[in-house]
Structures are given as structure tokens and as C-alpha cells.
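Asker: Sequence:
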Amino acid sequence: MIVRILNDNQYIVPSLYYDEINALDNALVQSIAGNDRDAFRICYDRMIELVKKNGVPMDPYTVKESDLILPPPDMTFEEARKLFVGEGLIPD
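With the UniProt record's numbering as the guide, the letters of the sequence shown map in order to residues 1 to 92.
What the hints contain is simulated information worked out from the structure, not anything from laboratory work.
One or more hints might be untrue.
Simulated pairs of lysine-lysine, DSBU-like, Cα-Cα distance not exceeding 30 Å [to be verified]:
#1 K64 - K82
#2 K53 - K82
#3 K64 - K52
#4 K53 - K64
#5 K82 - K52
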């Protein structure tokens, strides 16, 4: 799966990490619904780390359609409130 991190790069992430990314997405929705800023920061940092650690960075001059687009790593809690609602970034 191709994951784009805005203001960063695209990464080819093995599909076996899909469920883990989805679980973090769901945890982000819950942390935002519960107004838990600390849990939000921990979950989002883990999601970014998972993609960067397990994904292969693509050539920045090669642009392919992304399966998932993540906001920039420095996204604020207020910005996240607009994105991580309902099913989050990944529909269940």
C-alpha cells in the first residue's frame, strides 16, 4: 500500500501493517472524541513512526496515487478534530 505523509514523502508499506494502521486510526478517533490530547499525540506519532519504520520511501520525484494520505507529523489536536471523525481516515 502507498502511504503519503503530507510535507514528507510517499512510502510503500507492506499490506500486513494495514490492520495496525487502522487500529491506530480508530484510537485517534476515540482520543479526539474524548478530548484526550496526550493520547492523540501518542497515537499519531506511532502511526507516523510505523509508516516510516516499515515503509520504503519512494523517490520524491515519482508521484503515484496514494492508498492513504496522512496529515503532516506536526498536525495539531485542533486540526485533527476536523479529520479524525466518524470512521477516521480509514473506513472500517
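Asker: State for each hint whether it applies.
Answerer: Now for the hints, and whether the structure bears them out:
1. K64 - K82: Holds: K64 and K82 sit about 26 Å apart, inside 30 Å.
2. K53 - K82: holds (27 Å)
3. K64 - K52: holds (17 Å)
4. K53 - K64: Given pair K53, K64 holds - Cα atoms ~20 Å apart, limit 30 Å.
5. K82 - K52: With a Cα-Cα distance of about 24 Å, the restraint between K82 and K52 holds, given a limit of 30 Å.
Going down the numbered hints, you'll see the structure goes against none, and every one checks out.
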